[in-house]
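**Q** Protein chains in written order, with full-length UniProt numbering: chain P, 1 to 405; chain H, 1 to 405; chain R, 1 to 405; chain E, 1 to 405.
The hints are simulated quantities; they were obtained by calculation from the structure and are not laboratory data.
Each hint should be verified, as a subset may be incorrect.
All copies of an identical chain are treated as equivalent in the list; a pair is satisfied when it fits inside any one copy or across any two copies.
[As the list claims (entries may be wrong)] Cross-link-like lysine to aspartate or glutamate pairs, in silico, DMTMM-like; alpha carbons within 20 Å at most:
#1 K189 x E286
#2 K314 x E268
#3 K115 x E65
There are 4 protein chains.
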Amino acid sequence: MTERGRDYHDRLLAFMDEHVYPAEPVYREQMAESGDPHHHPQVLEDLKAEARKQGLWNLFHPHPEWGPGLTNMEYAPLAEITGRSPDLAPEAINCNAPDTGNMEVLTLFGTDEHKEKWLKPLLAGEIASAFAMTEPAVASSDATNIELRMEKDGDEYVLNGRKWWTSNAMHRNCKVLIVMGKTDPDGPKHRQQSMMVVPLDTPGVTVLRNLPVFGYADREGHAEVLFEDVRVPKSALLAGEGDGFMISQARLGPGRIHHAMRSIGMAERALDLMVDRAQSRVTFGEPLANRANIQDWIAESRIEIEMARLLTLKAAYLMDTVGNQKARVEIAAIKIAAPQMALKVIDRAIQVHGGGGVSNDFPLASFYAHQRTLRLADGPDEVHKRTIAMTELRRRDPDWSPKKR
Amino acid sequence: MTERGRDYHDRLLAFMDEHVYPAEPVYREQMAESGDPHHHPQVLEDLKAEARKQGLWNLFHPHPEWGPGLTNMEYAPLAEITGRSPDLAPEAINCNAPDTGNMEVLTLFGTDEHKEKWLKPLLAGEIASAFAMTEPAVASSDATNIELRMEKDGDEYVLNGRKWWTSNAMHRNCKVLIVMGKTDPDGPKHRQQSMMVVPLDTPGVTVLRNLPVFGYADREGHAEVLFEDVRVPKSALLAGEGDGFMISQARLGPGRIHHAMRSIGMAERALDLMVDRAQSRVTFGEPLANRANIQDWIAESRIEIEMARLLTLKAAYLMDTVGNQKARVEIAAIKIAAPQMALKVIDRAIQVHGGGGVSNDFPLASFYAHQRTLRLADGPDEVHKRTIAMTELRRRDPDWSPKKR
Amino acid sequence: MTERGRDYHDRLLAFMDEHVYPAEPVYREQMAESGDPHHHPQVLEDLKAEARKQGLWNLFHPHPEWGPGLTNMEYAPLAEITGRSPDLAPEAINCNAPDTGNMEVLTLFGTDEHKEKWLKPLLAGEIASAFAMTEPAVASSDATNIELRMEKDGDEYVLNGRKWWTSNAMHRNCKVLIVMGKTDPDGPKHRQQSMMVVPLDTPGVTVLRNLPVFGYADREGHAEVLFEDVRVPKSALLAGEGDGFMISQARLGPGRIHHAMRSIGMAERALDLMVDRAQSRVTFGEPLANRANIQDWIAESRIEIEMARLLTLKAAYLMDTVGNQKARVEIAAIKIAAPQMALKVIDRAIQVHGGGGVSNDFPLASFYAHQRTLRLADGPDEVHKRTIAMTELRRRDPDWSPKKR
Amino acid sequence: MTERGRDYHDRLLAFMDEHVYPAEPVYREQMAESGDPHHHPQVLEDLKAEARKQGLWNLFHPHPEWGPGLTNMEYAPLAEITGRSPDLAPEAINCNAPDTGNMEVLTLFGTDEHKEKWLKPLLAGEIASAFAMTEPAVASSDATNIELRMEKDGDEYVLNGRKWWTSNAMHRNCKVLIVMGKTDPDGPKHRQQSMMVVPLDTPGVTVLRNLPVFGYADREGHAEVLFEDVRVPKSALLAGEGDGFMISQARLGPGRIHHAMRSIGMAERALDLMVDRAQSRVTFGEPLANRANIQDWIAESRIEIEMARLLTLKAAYLMDTVGNQKARVEIAAIKIAAPQMALKVIDRAIQVHGGGGVSNDFPLASFYAHQRTLRLADGPDEVHKRTIAMTELRRRDPDWSPKKR
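The shape of chain P in the complex, shown without the other chains:
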């Protein structure tokens, strides 16, 4: 850990203790009172104001012009800490997905107009944004399957298609979408796609419904969005025509690291809850913590958390030193390993909590639902295993290809 990283780390921990954890019951109350799962509660704005005041703001942003310019190695432990209170902490410090990824994309590939109009208010925490990639009709982990059409018509593009799992689209502050589609369906496999910036209120954009995760309607929402003859100017394009796949690759690395670290933070909190419950709950004359099976679960959880954390840090280190492309296998590995680890730890914690564990009296069931989704979001585990396997197969036989007999 660098000195700078350590300083942020300590300050963020203090912020969690002093502001975030105490805000959790307030948050639950404000959400319950509103009767609206997508309500934007005041407590969150209060936390944002406080975080900004303390300089705990936009920590994710690697470009010194726009943020503190932390490395992935420096930011990873901070992302982990925010994972311990996932409903509040990431957004409180303006580091929630998919805004982080969108801000990076706008920084790297946006026009000056994009930066002025969208990036600045996003960095200020004034608006929110969504990323429209996945489609209901096709297996979207294979980018060549994307069907949303972006047809040029004079000085405009006309968008037609349907997206779902567009996270953040129900957020009360959401103003803009980054949309992946095809400008050239007959082009080379990885040059067919483009990305565009589409204001949410553009005519023809309809947020059809929210998708629940297990039974949870997440506040930020995961929307199904319909695009019908949506017209945007040429300037909506990020980078150039056909750059969509390239941008999505650039976007994914950091996003996966952030998710993985938050998974680890959730697992840590689940382990804390498991230990506390095991110590306080008595059955058949003994605290659960006396039982060897519960002790085994605690020990296994500690080991598994630590291994996943180290792998994530290694991926962060490689991204910082050799770049996202060369860290590809490690990024795929943590994309798989972190949620699977977290699910195991959370499931044990649920079991130790009895009925309370599956209810909302503890955050465990919602953690579980969230982590289970991560095994699918941005491609199911199996797609990422395939990537890793190909690398291994080529390590032993550089000429190997799946077609070969």
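Given chain P, work out where chains H, R and E should sit, using these hints.
**A** Only chains H, R and E this time, still in chain P's reference frame:
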């Protein structure tokens, strides 16, 4: 399978195809329209009327006086079928928990007044009932922990305490609770408890809130219920004072079989969904069903379902032939094995469905939530494993006891 | 269980207690004294004589002309019992593989000469036999891969090829091989193969070496056998030319059931050993059996054993009632499930035994090696999962085939 | 990696490629020819000479006076490399257990006489040594259970007791034992034990037998050793009377790191073998490497290896920076995690190899046997999980103790 069992089996399958599955979208629509998670939709009453007309009614009830008098072996495959559509089918044929267990208890231990006032309308599907056993403050799988007090005061008992996971208490038709409490907290360990019949509208009974399961507010509800100076007449007692533990034991065997069979039905439906999706979804140029990992999941699911089913049928057979007490190990075994198996199968099916799998566009996430809860309801797995281990330890050393060195 | 089955069952249990278990240390001593892993010890002949005297002989043989004519359902529990002492019991009652399969094949497809010369002495326990199917150079679970050539030359066939895992070939009494090869390499896929009866001392047959299993050199041996210009008369043919695949299918069903039941017997013995050790071993002031993790292992083992047993009995029942072909999925299922279950149970038992568990002071490590091999013998698990998956895929879509898009 | 570490790393890799791997078939041949599982083959002495010439010698030894003085972080990757050829590489560079641990103990706690007589020839690779700790009659992971008596009698100690799993005792060069016993059975729990240096040829020391591991008689052997009235002078004592437990703790940390790294090396080699086989073996018209289930195994193996490696390196780093005592949890964690990971990877590799995988044509089955033993050697997993759980329980509640209610 007996001829009678086969006949019910075929008729129930036809009823599922002709009435239940087609009612599923109607049900979802009526529930959504109502805006009330505990709404009692018309489609359910229509199904009940049809089922009753077809003689598919109260199939669970083993006493010929009150139902068809099927054996556990005959009923088990029917319970499995209803598990394929758990929101509708069990209630459609008046075989939903905890009404089934309550009806059995009232049949075996109720007074004539109980039977007239509660059993008959329950058997007629006119009212619903709940079972108040689990308490939030203690590990209720150990019955000696139960804290709800039932103090005699003249001709009455006065009940004070708090229950949760009181399933069915949010049901719009719920009229009556069977309550477990302690009449003699200082008596011998298994004679401290009594069970009483308590109308839901008795003064002092307050349904505080519903407990969600992984974000799902189940229609029938799992309530936290407060008992404050609730006065019931002596005649509220089921069997005698101190018989509560005995009754709970009698109640549990069949309940566990029914749950296990419905778990298997859910697993079968999850496997159907997994296979269908694997055949229809194409990635990287091939249907998922072509992939060896998906094929492995399908095969493993088939094997695991079949093994759990056979174990459940064995338990049913033993209950029919040597009685619930002697089938204790087998009942504990299926209580553990069936939900664990179902969770594995459902989880694979979710993975094959991608994002859709965790949403409500498929019933998989709600199946998962339901089955995960069964690993805790009526005692966590670990309590039942302990029972089985004790039997094994005594099989090899009849004198063995945990204290022994 | 039929009355006849029950009678054999009780008598076999008595035979185990009175003769087999007491013979185990004698066996170990005689083997150790000989210094030869393939030694045929006297104690085995003594057991065979006793078993034959008691009418516990050839119990496997389903054809009343040649054996007691037990059904699979009747024989399965007997095979399980012999699995508890796998080095002695199966051979003591003349029911050891691959002799059992060979005797069935000779009964069904052998000529009168084959029966006189080989079947009779096999049934009398005077000689042993081996089955040469698997080849080192190819994945033999795909029968079309078989490379051993059987070329017609006048009145003879000339065999050339190499086999391995030819079990029993090191047996001191082994006199004959049943060999699978190709008479028509260009014929239709499942008509290329033939089976022939080849005396072990035929010129050109060379037993090259024994293959150890883990570090164990099994007494009966698993040999690599070379066939160089081996000439056999036309009458060596079992059934007709091109019937090899058909015969191998007929052979496999019963063999798999027998293996599965013996796996279950081994698992039962491992569980007994685990329980005994847990009760007698004290660490940190308590017997291991007091620990909740060990209790969990015991309970899980009991559940898993029982489920595998029931699945195997179902397969046996189906073989008896609808035939091996229709029981195909169930036979594949137990082929996979029984050894996997046994490995889990045995592994837990090893862990409870500490260092002793991996040594030869207990039979656990050798059980493990044996069961691990069964996940590969006669086709790896993955091949059998494929079979099951195909059936499931066609259950939902009768036209489905792997090629289909 | 330091520059020095990198240099050793590259040179060791070259040594493996140029000398060790080519020596493997020679080793197998010389061992087979000898007919003696404990034969000391010439090829090993040749490798030792070469390694010594190249300065690849005693790399483990952290004390610059006696070895290169590498840190744990520097040595760990070297130990991993030797794990790829476990029969040859560790001994070739004079870094095989238990000699390494014994050399450390003699360095730290030996008298000048011990160093002259035993340490120097050990460091020169001229003799071998064994460590006699585990006893057959008691659970030796609890050091208070140790029963071997060391009674003072004038100027001598008289040793009586029985040890087993005394690794290296069958080594043809083994000359000396370090023996753990009790000098003060009634003293405080961790002051009862002492350690002594006992020449193997001392009267009263009898090597009774070798213990096989899954059928394998390891060359170095794991012996049962009887001590009957064995007389050693007072100067046999390492450190002081009652220091035995302290010495064993000092010994264990590095030993566990070395074992863990070699486990990782074995897993790497198993993965290489798995990949190579998957690419070369064709079934049903495709190389196994085309199959998604095999690809999953490869990817999971890569992920699991990497996580275990990072955890081991972290433990090494902590040992170097904060000391073995403070790295206690991490050392316990890798003691559990590394062999479990290796077993999973090796088991998958076995499955991909078919029958060959369980034979000795590949090193996989022997790797498996070796790694399975590591889950028991030096305390079963469960003892180490307990250590970790206690730390976690105290992290949340510093006053927590197992007795507490």
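**Q** Now look at each hint and say whether the structure bears it out.
**A** A quick look at each hint next to the structure:
Taking identical chains as interchangeable, the C-alpha atoms of K189 and E286 lie at most 20 Å apart only when they sit on different chains, with a minimum of 17 Å there against 62 Å within one chain. For the homomeric pair K314 and E268, the shortest alpha-carbon distances inside one copy (19 Å) and between copies (19 Å) are both at most 20 Å. Taking the shortest alpha-carbon separations for K115 and E65, only the intra-copy value of 12 Å comes in at or below 20 Å, while the best inter-copy value is 63 Å.
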